[in-house]
Structure formats: structure tokens, C-alpha cells
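Engineer: Throw the hints in and build the complete structure from the sequences for me.
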Amino acid sequence: MRDFARGSLPPSGASHPDPLGLAFDAARAAAARGEVPVGAVVVRDGVVLAVAGNRPRADRDPTAHAEILAIRAACAVLGDERLTGCDLYVTLEPCAMCAGAISLARIRRLYFAASDPKGGAVEHGPRVFNQPTCHHAPEVYGGLRESEAAALLRDFFRDRRS
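In my numbering, the protein residues as written are 285 to 446.
Just so you know, these hints were derived from the structure itself, not from any lab.
Keep in mind it's a predicted model, so treat the numbers as computed, not measured.
Ideal placement from N, C-alpha and C gives every residue a C-beta, glycine not left out.
There's no promise every hint is true.
[Claimed, not checked] The following label-pair restraints were derived from C-beta to C-beta distances:
1) THR347 - THR368: 28 to 36 Å
2) GLY363 - ARG438: 16 to 24 Å
3) ASP302 - ASP439: 37 to 45 Å
4) ALA434 - ARG390: 40 to 48 Å
5) PRO401 - ASP439: 17 to 25 Å
6) ARG445 - HIS420: 37 to 45 Å
7) ALA360 - ARG312: 23 to 31 Å
Structural biologist: Below is the structure:
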């Protein structure tokens with residue numbers, strides 16, 4: 285079973301702006317559009333390649349999750365279907381579909397904020413990266429700014445229900 289670090293970043297020599305902060309900005313923009321507030325950022329060698337927020341409603345596409353959109357955009361920037369050496373920052377634990385795409389894209393490291401006991405597939409549910417059929421498992425760092433992400437989601441759904 286793969287071990288996951290919770291609540292801390294690994295030592296890194298890469299200097300880059302706050303990519304998780306950019307993911308939160310994308311999540312807030314998604315919420316303003318009426319989308320579930322999830323944002324994702326792909327970074328390589330300290331350079332931000334792609335930033336995306338959820339768009340399933342706007343795009344009328346159930347696969348338009350922030351992670352998928354960011355991966356697609358980063359692949360277009362690099363001209364490659366593999367994102368070797370790239371890191372993905374996301375505000376919510378990825379679902380099974382997104383975890384599969386992360387594996388197929390060969391993302392090096394996955395950083396996420398809030399856990400998702402209902403729909404998450406990294407630390408919960410199918411635990412995609414622990415399956416023998418998973419060809420590539422990124423390093424995973426969860427629980428970063430978790431309370432901020434949880435509050436964003438909680439407030440979004442509270443407002444939708446009122």
C-alpha cells in the first residue's frame with residue numbers, strides 16, 4: 285500500500301509562485317459561474333503550464349473537471365500526451381476519472397487540499413494509485429490548506445441549498 289503525506293509539502297528546490305493559491309483562484313471563479321468550486325494547476329520546473337476550474341455545466345460535458353481541463357491544456361502547451369516531470373495542484377481529492385487521467389498523463393506529483401470521502405479516489409473509494417492495474421502512481425501530498433478548501437465547498441453547497 286502506498287503511503288501518502290498529509291498536510292505538508294516535500295522539500296523542493298523549485299521556486300514558483302503559489303500554485304495551490306492559483307488553484308483556489310480557479311475554484312472561486314468556477315463557483316462564481318455556478319460550478320462546483322474545484323481548481324487545478326499544472327506546473328513544470330516552476331513554470332505554470334495550465335490553470336483550470338470546473339466547467340461541466342458550462343461546457344455541457346460531464347468530463348470537464350478542473351483536473352482534466354488542466355491536463356488537456358498542459359498537454360497542448362507541451363505538445364505531448366505525457367506530462368513527465370509535471371506536478372498537479374488541485375483543491376479537492378481527484379475522483380476516479382481524474383485519477384486515471386493523472387496516471388495516464390504520468391504526472392510526477394499530485395498535491396491536493398480537501399479530502400473527498402464520497403467521490404475521491406486517491407485516499408478513498410477505489411484508491412486508484414494503489415491498484416495493480418495502475419501503470420503510474422504519482423507522489424501524493426494531501427491535506428494542504430484543507431480547511432480552506434472544505435470551507436469553500438461547504439459555503440458553495442450551503443448557498444445553493446438556500
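Engineer: Run every hint past the structure and note whether it holds.
Structural biologist: These are the hints, each one checked on the structure:
no. : hint                        : result
1   : THR347 - THR368: 28 to 36 Å : violated, 23 Å
2   : GLY363 - ARG438: 16 to 24 Å : violated, 40 Å
3   : ASP302 - ASP439: 37 to 45 Å : violated, 21 Å
4   : ALA434 - ARG390: 40 to 48 Å : violated, 29 Å
5   : PRO401 - ASP439: 17 to 25 Å : holds, 19 Å
6   : ARG445 - HIS420: 37 to 45 Å : holds, 39 Å
7   : ALA360 - ARG312: 23 to 31 Å : holds, 24 Å
Of the hints listed earlier, those the structure fails to meet are numbers 1, 2, 3, 4, in rising order.
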